[in-house]
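**Student:** Start from the sequences and build out the full structure, keeping to the hints where you can.
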Amino acid sequence: MSLFDLTLAQASKALHLGEVTALELTTAYIKAVEELNPRLNAYITTTPDLALDQALEADMRLQNGTATALTGIPIAMKDLFCTAGVRTTAGSKILSPFVPPYESTVSGKLKAAGAVTLGKANLDEFAMGSSNITSAYGPVENPWKRTGSDAKLVPGGSSGGSATAVAARIALAATGTDTGGSIRQPASFTGIAGIKPTYGRCSRYGIVAFASSLDQAGPMARTVEDNALLLNVMAGFDDKDSTSANIAVPDFTAALNQGVKGKRIGIPKEYRLEGTNPEILALWDQGIAWLKDAGAEVVDISLPHTKYGLAVYYIVAPAEASSNLARYDGVRFGARVDGVDLIDMYERTRAAGFGTEVKRRIMIGTYVLSHGYYDAYYLKAQKVRALILRDFQQAFEQVDAILTPTAPSAAFGLGEKMDDPVTMYLNDVFTVPASLAGVPAMSVPAGLSSEGLPLGLQIIGNHFDEATVFAVSAAIEKAAGFTALPELRAK
Amino acid sequence: MSLDAAAVRRIARLARIRVDDAEVETLKSELNAILGYVEQLSAVDVEGITPLSGGAQMALRQRADILTDGGISEKILANAPDREGNFFAVPKVVE
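For the protein sequence lines, the chains are F and V, in the order given. Residue 16 is where the first sequence starts when you use this note's numbering, and the numbers rise one by one after that. Residue 31 is where the second sequence starts when you use this note's numbering, and the numbers rise one by one after that.
Honestly, the hints are just simulated from the structure, not real lab data. Where hints are given, some of them may not hold.
Calculated pairs, DSSO-like style, for lysine-lysine (alpha carbon to alpha carbon, straight line, at most 27 Å) [claimed, not checked]:
| hint | chain 1 | residue 1 | chain 2 | residue 2 |
| --- | --- | --- | --- | --- |
| 1 | F | K167 | F | K108 |
| 2 | V | K105 | F | K255 |
| 3 | F | K108 | V | K122 |
| 4 | V | K105 | F | K126 |
| 5 | F | K126 | F | K28 |
| 6 | V | K58 | F | K432 |
| 7 | V | K105 | F | K493 |
Part of the chain V face toward chain F, derived, beta carbon under 7 Å [what the hints assert, rightly or not]:
| hint | residue |
| --- | --- |
| 8 | R46 |
| 9 | I47 |
| 10 | A63 |
| 11 | Q70 |
| 12 | V74 |
| 13 | V76 |
| 14 | I79 |
| 15 | S83 |
| 16 | G85 |
| 17 | Q87 |
| 18 | N109 |
| 19 | R113 |
| 20 | P121 |
| 21 | V123 |
These figures come from a predicted structure and were not determined experimentally. C-beta: ideal position from N, C-alpha, C; glycine also.
**Tutor:** What follows is the structure, encoded as structure tokens:
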């Protein structure tokens, strides 16, 4: 057994027992990053010197009794979290010179717990994408291959670098952010677990904003237990985020062995979309059978406004993005392109600094918020969003959790689904509704496609009931016994 | 509602993004595809529904109106593309 076979929980135990030092573990991971990252491109910026310093400090804490479960654990930080003194790009050219003078709350909490940061993980530009191909720093390669093929596959997105880093074992865990599926879909594509917590559970302070009413940070790791250990540290009230929830954070690991006996699991009929890949539907049925076998009661439910989720999302998210990204004007930070006057400087700076997907979304957002169109698009979308929330509220009067597939397909090839933006957007069809309602949702690896690629199931819970999400996810994980590994990985 | 080239240029101007003529045509078809997709919302009956603006199931807090920060102009200006003393510098606005 190599060091890379250890999960976060196992590595933590080994560190506390003195079977391995943080320096040994970190050194092994730094070496693995150096070997595999030039190909996978999971990190935009690596910080080996910082990681070694943090590892030495972690070893001191492990000796003097101040260590936590995360002390000495080498992780990847999505490059959307501002890190003091370490360049933060959000995957965009416009932020290429940006070195934040301050630390995001979530990354700060992980640092304070003693986690070691290996570097900043690649992502779709400003987290806008489902394939990691919109990054200005190049696409990320999925470490998985279709059986008998060497074609490069996408890791999903937007947290594609985080997902690949964890799956390829060049990080023991990672942070992600999820606005419409950006933790769950890449987790599904790379055979790892990831949770988008309830909106308000993790502070948004210091996370480069995309769509503020949807953005939520969460962990990505190999197991459900590893995710619980990470979320224990990442969650919590923060005065610096006006939408942070002042609600006590339970120990999420306590839920892991709860089981699902007597729990009511909803199966929404509207997620059985016409034309969905039969493999995905078969895996979903398998998941239902696993939960029944484990003693859960399965209940058919209806979320009637599900089919409008994507349309609402592609009005609301661009609207908020157009407003949030107005700050990139080449004046206070970021890259500037000179012009003949101030307006010309703005227009040239933004034309050169933003990629095509970001420009598209800013323009759609600008349009739906503009005079004469606001009511027809934005206000209408907000009203349908209220109906989507109501669907979930009514469902959770009947059930404890909801089970669905995470994504409509396995990982696809680099360059596929590029015909038009809407085809790419359909990736998020199963993940977007939970984002709009603000409820927590987790993706757990549950099986392999006929081509040998990982597929995930999604477990959705009620507001602030991540505990039940963890309990159900752990039951799925146990029943699935997913042990397959990607071809490209540190050994 | 379908956008024409003039509308695309108007939106780009509002968004402060410079677009050249070749881009306008591509953007026009892409933006129209997205608007065509979201058009389905017109089928939803939202009579009497209060719009939902956020994911937080709570009222926004207010904080005390006191200074909590300050005296860090060097830190703030460190990322400025151009500066004059303690100010951000921009092209001349008033002749």
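**Student:** Against this structure, judge whether each hint is valid.
**Tutor:** Now for the hints, and whether the structure bears them out:
Between K167(F) and K108(F) the CA atoms are separated by roughly 24 Å; this keeps the pair inside 27 Å, and the hint holds. Annotation: proposed proximity of K105(V) to K255(F) holds, straight-line Cα distance about 19 Å (limit 27 Å). For the given pair, K108(F) sits about 26 Å from K122(V) by alpha-carbon distance, which is consistent with the 27 Å threshold. Only pairs whose Cα atoms come within 27 Å are accepted, and K105(V) paired with K126(F) is accepted, the gap being roughly 21 Å.
Our distance criterion of 27 Å between C-alpha atoms is met by K126(F) and K28(F), whose separation comes to about 19 Å. The suggested pairing of K58(V) with K432(F) holds, with an alpha-carbon distance near 20 Å, which does not exceed 27 Å. Distance hint between K105(V) and K493(F) is unfulfilled; the C-alpha atoms sit about 49 Å from each other, more than 27 Å. Among the interface hints, the one on R46(V) holds; its C-beta lies about 4 Å from the nearest C-beta in chain F, closer than the 7 Å criterion.
The beta carbon of I47(V) comes within 5 Å of a beta carbon in chain F, closer than 7 Å, and the hint placing it at the interface holds. Because the beta carbon of A63(V) sits about 5 Å from the nearest beta carbon in chain F, less than 7 Å, this interface hint is met. Using the Cβ-Cβ criterion of 7 Å, the hint placing Q70(V) at the interface with chain F is satisfied: the shortest such distance is roughly 5 Å. Below 7 Å, beta-carbon pairs count as interface contacts, and V74(V) has one with chain F at about 5 Å; its hint therefore holds.
Taking 7 Å as the C-beta contact cut-off toward chain F, the hint placing V76(V) at the interface holds, the least distance being around 4 Å. Interface restraint check for I79(V): the shortest CB-CB distance to chain F comes to about 4 Å, inside 7 Å, so the restraint holds. Taken as an interface hint, S83(V) checks out: its beta carbon lies about 6 Å from the nearest beta carbon of chain F, inside 7 Å. Interface hint at G85(V): satisfied, since its Cβ lies 3 Å from the closest Cβ of chain F, which is below the 7 Å cut-off.
With 7 Å as the threshold, the beta carbon of Q87(V) comes within range of chain F, its nearest partner Cβ sitting at about 6 Å, so the hint holds. For N109(V), the interface hint holds, since its Cβ comes within 7 Å of a Cβ in chain F; the closest pair sits about 4 Å apart. At about 10 Å, the closest approach between the beta carbon of R113(V) and any beta carbon in chain F exceeds 7 Å, and the interface hint on this residue is violated. The closest approach between the C-beta of P121(V) and any C-beta of chain F is roughly 5 Å, which is under the 7 Å cut-off, so the hint is satisfied.
Interface restraint check for V123(V): the shortest CB-CB distance to chain F comes to about 5 Å, inside 7 Å, so the restraint holds.
Violated hints, in rising order: 7 and 19; the structure is consistent with all others.
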